[in-house]
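The hints should help you fit chain B onto chain P, whose structure is shown.
Protein chains: 2
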Amino acid sequence: MSTSVENYLKIYKMQRRGAQIGSSGQRAERAILEAIRLRAGRPRSRELRLGIGDDCALLLPRPGEEFCLTTDLSIAGRHFRLDWHPPEAIGHRVMARGLSDVAAMGARPVAAFLSLGLPADRTRGKRGQRAWVDRFLDGMLELARAHQTPLAGGDLAESPLALADIVLVGAAPRGKALLRSGARVGDALYVTGKLGGAAAGLELLSRQPETRRKAIAAGRIPAGLRTSLQPHLYPQPRLRQGQWLVRHGAATAAIDLSDGLSTDLTHLCEESRLAAEVDAAALPIHAGATLVQVLHGGEDYELLFTAAESVRIPATIAGVPVTRIGRMTRPRRGRARITLQTSEGSQPLMPQGWEHFR
Amino acid sequence: MSTSVENYLKIYKMQRRGAQIGSSGQRAERAILEAIRLRAGRPRSRELRLGIGDDCALLLPRPGEEFCLTTDLSIAGRHFRLDWHPPEAIGHRVMARGLSDVAAMGARPVAAFLSLGLPADRTRGKRGQRAWVDRFLDGMLELARAHQTPLAGGDLAESPLALADIVLVGAAPRGKALLRSGARVGDALYVTGKLGGAAAGLELLSRQPETRRKAIAAGRIPAGLRTSLQPHLYPQPRLRQGQWLVRHGAATAAIDLSDGLSTDLTHLCEESRLAAEVDAAALPIHAGATLVQVLHGGEDYELLFTAAESVRIPATIAGVPVTRIGRMTRPRRGRARITLQTSEGSQPLMPQGWEHFR
Numbered sequence: 055m056s057t058s059v060e061n062y063l064k065i066y067k068m069q070r071r072g073a074q075i076g077s078s079g080q081r082a083e084r085a086i087l088e089a090i091r092l093r094a095g096r097p098r099s100r101e102l103r104l105g106i107g108d109d110c111a112l113l114l115p116r117p118g119e120e121f122c123l124t125t126d127l128s129i130a131g132r133h134f135r136l137d138w139h140p141p142e143a144i145g146h147r148v149m150a151r152g153l154s155d156v157a158a159m160g161a162r163p164v165a166a167f168l169s170l171g172l173p174a175d176r177t178r179g180k181r182g183q184r185a186w187v188d189r190f191l192d193g194m195l196e197l198a199r200a201h202q203t204p205l206a207g208g209d210l211a212e213s214p215l216a217l218a219d220i221v222l223v224g225a226a227p228r229g230k231a232l233l234r235s236g237a238r239v240g241d242a243l244y245v246t247g248k249l250g251g252a253a254a255g256l257e258l259l260s261r262q263p264e265t266r267r268k269a270i271a272a273g274r275i276p277a278g279l280r281t282s283l284q285p286h287l288y289p290q291p292r293l294r295q296g297q298w299l300v301r302h303g304a305a306t307a308a309i310d311l312s313d314g315l316s317t318d319l320t321h322l323c324e325e326s327r328l329a330a331e332v333d334a335a336a337l338p339i340h341a342g343a344t345l346v347q348v349l350h351g352g353e354d355y356e357l358l359f360t361a362a363e364s365v366r367i368p369a370t371i372a373g374v375p376v377t378r379i380g381r382m383t384r385p386r387r388g389r390a391r392i393t394l395q396t397s398e399g400s401q402p403l404m405p406q407g408w409e410h411f412r
Numbered sequence: 055m056s057t058s059v060e061n062y063l064k065i066y067k068m069q070r071r072g073a074q075i076g077s078s079g080q081r082a083e084r085a086i087l088e089a090i091r092l093r094a095g096r097p098r099s100r101e102l103r104l105g106i107g108d109d110c111a112l113l114l115p116r117p118g119e120e121f122c123l124t125t126d127l128s129i130a131g132r133h134f135r136l137d138w139h140p141p142e143a144i145g146h147r148v149m150a151r152g153l154s155d156v157a158a159m160g161a162r163p164v165a166a167f168l169s170l171g172l173p174a175d176r177t178r179g180k181r182g183q184r185a186w187v188d189r190f191l192d193g194m195l196e197l198a199r200a201h202q203t204p205l206a207g208g209d210l211a212e213s214p215l216a217l218a219d220i221v222l223v224g225a226a227p228r229g230k231a232l233l234r235s236g237a238r239v240g241d242a243l244y245v246t247g248k249l250g251g252a253a254a255g256l257e258l259l260s261r262q263p264e265t266r267r268k269a270i271a272a273g274r275i276p277a278g279l280r281t282s283l284q285p286h287l288y289p290q291p292r293l294r295q296g297q298w299l300v301r302h303g304a305a306t307a308a309i310d311l312s313d314g315l316s317t318d319l320t321h322l323c324e325e326s327r328l329a330a331e332v333d334a335a336a337l338p339i340h341a342g343a344t345l346v347q348v349l350h351g352g353e354d355y356e357l358l359f360t361a362a363e364s365v366r367i368p369a370t371i372a373g374v375p376v377t378r379i380g381r382m383t384r385p386r387r388g389r390a391r392i393t394l395q396t397s398e399g400s401q402p403l404m405p406q407g408w409e410h411f412r
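So the protein lines, in turn, are chains P and B. Residue numbering for the first sequence follows our numbering, beginning at 55 and increasing consecutively. Residue numbering for the second sequence follows our numbering, beginning at 55 and increasing consecutively.
By construction, these hints were calculated from the structure, which means they are not laboratory data.
To give a feel for the contact side, a few chain P residues facing chain B, derived at Cβ under 7 Å: (1) 114; (2) 121; (3) 125; (4) 155; (5) 169; (6) 208; (7) 211.
Being a predicted model, the structure only gives us computed values, none of them experimental. C-beta atoms are modelled at their ideal positions from N, C-alpha and C, and glycine is treated no differently.
In isolation and in its complexed conformation, chain P is listed as follows (with noise of 0.2 Å):
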């Protein structure tokens, strides 16, 4: 039988029954706590030196490295929805939007940190079914397993509101870490994967009927949905894409397309002092999606990278297509920071990126 939230409660219940003990709220936070803990394991590693379990983990990097950090807050109903997502996809999500983070920086992952504020309900499981915190952990732990990422620790609150914040600590070679702020004029500029697919796949489950959705929510993803909603449900971090950046030197700039194409290129460009220019012929476009998807879409999670024109980039990376779709430029005073090369000549691109639910 496996760990689940919902055993150790009631083990821990019955073995605390008749004895004097505190408010059931309480104990029950610290029953979830545990059998997280015990769902986590014993985590350790070179740099992770002691989990879940004190006031505070110890973390120390490998000779000639250094640490990333990144914390993620997502809340129901602008983040997530719990009447429209599956728990292990919102459980996906969470770590995946920390692991992107450390991708970006072409770091490896270290440990993950959780802290967590659940209704009451969302902590037992109805007619023998598993409870949805089990099954939010499912999604979470299963991506940061097949990352190499522990569980090290963080926090759980009873909450009317379920939100989850993620922290992630990554180890890059010391001074090596991509920065948003390493573009030079003149490099070329990349993404990884296909652009547009969460957009287009959070599109097609707005447009489902309610019925289906609350299956959906449930976990039952009709067979032909499946493809489309993939992108949407269970992004996929480009950590070893990252990583072979930072290996090879190959990148002087980053970042993770989280917000959209023109919100992220428009934060790396502010960083590095630069405009750019995107050919939109180039762009990779993912199956279903529309151009406004592609440039202004959030949550594909690919990574967005410049090198210099001399670097060879190439067209796969462990696996993930790169295209090149653009260049960096002098930014020039009246000119918009993007600019968007079509046939019939360019125009500005302005930041619009993705805004969850609202």
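Frame of chain P, contents of chain B only:
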């Protein structure tokens, strides 16, 4: 004029007026993030190599040191109340929770990260007053500055429920951090400061008439209540005391008193696989606190630590009194983890930690 989120939002909107920009919600988020970045300054240190502004911050411990990391989630209605607590106190308490975990490891804070969820109206001031979020940051950043802790990153989202997840990174000499698990049979048990003050303050706050509580939440604390409410509204993490213990190799184990003595001592006993005896007459009781508040009230953020009998612990460390309150014993089957010794004999002390506002 000091940088405030609200001023920055106004300037930002003026600059952008007329430009074809994205949905206002996300733009507002970006403006608030930029304002927080300005308020945080450009914090760099030997350990914090890159702060706010990229996908991740970059951190590197000094030679011979390692990092500790903790996350603490605070949610409106559970850890604080918008209608009871001044925004400065909420910000202070959020930061104090994180810093106190660093103190419990005997570490020095290196960087803080804040994931903040707020209703939109908390970013706007009413009738010429500063916005709630700015006053929250005032309280948070003041405590951070007092302990040389730069804000190095985080996340922000509009949320119907106000919440803040604080991440603290600290540094300690490698292998010297204080753990919960290091106590040995016969060790003496100590606490810093006085106990029960935070719970007594909360009790006092809860008994105020609603109009007075509203005034307090607005920041107008009646002079006659200030001293009594201080331990609840503005608890002080014991960083210098924890660092003293590490520097002198004085303690075998430590934990901070966030959930209350009975609960936190249980954690320390469990991790050290020991039991404990507490001498009721020795407990340092905060003026106005009851024995129940001393034993079970949380959020005092004092340190609870163990030291070998042979080690001399001074009566005060860095200006804060230290009191011997008991000793660590071998656990016995059928006997409670913690025994409270009183003039009328001994009795089991079960964990009944403070459960905030439930």
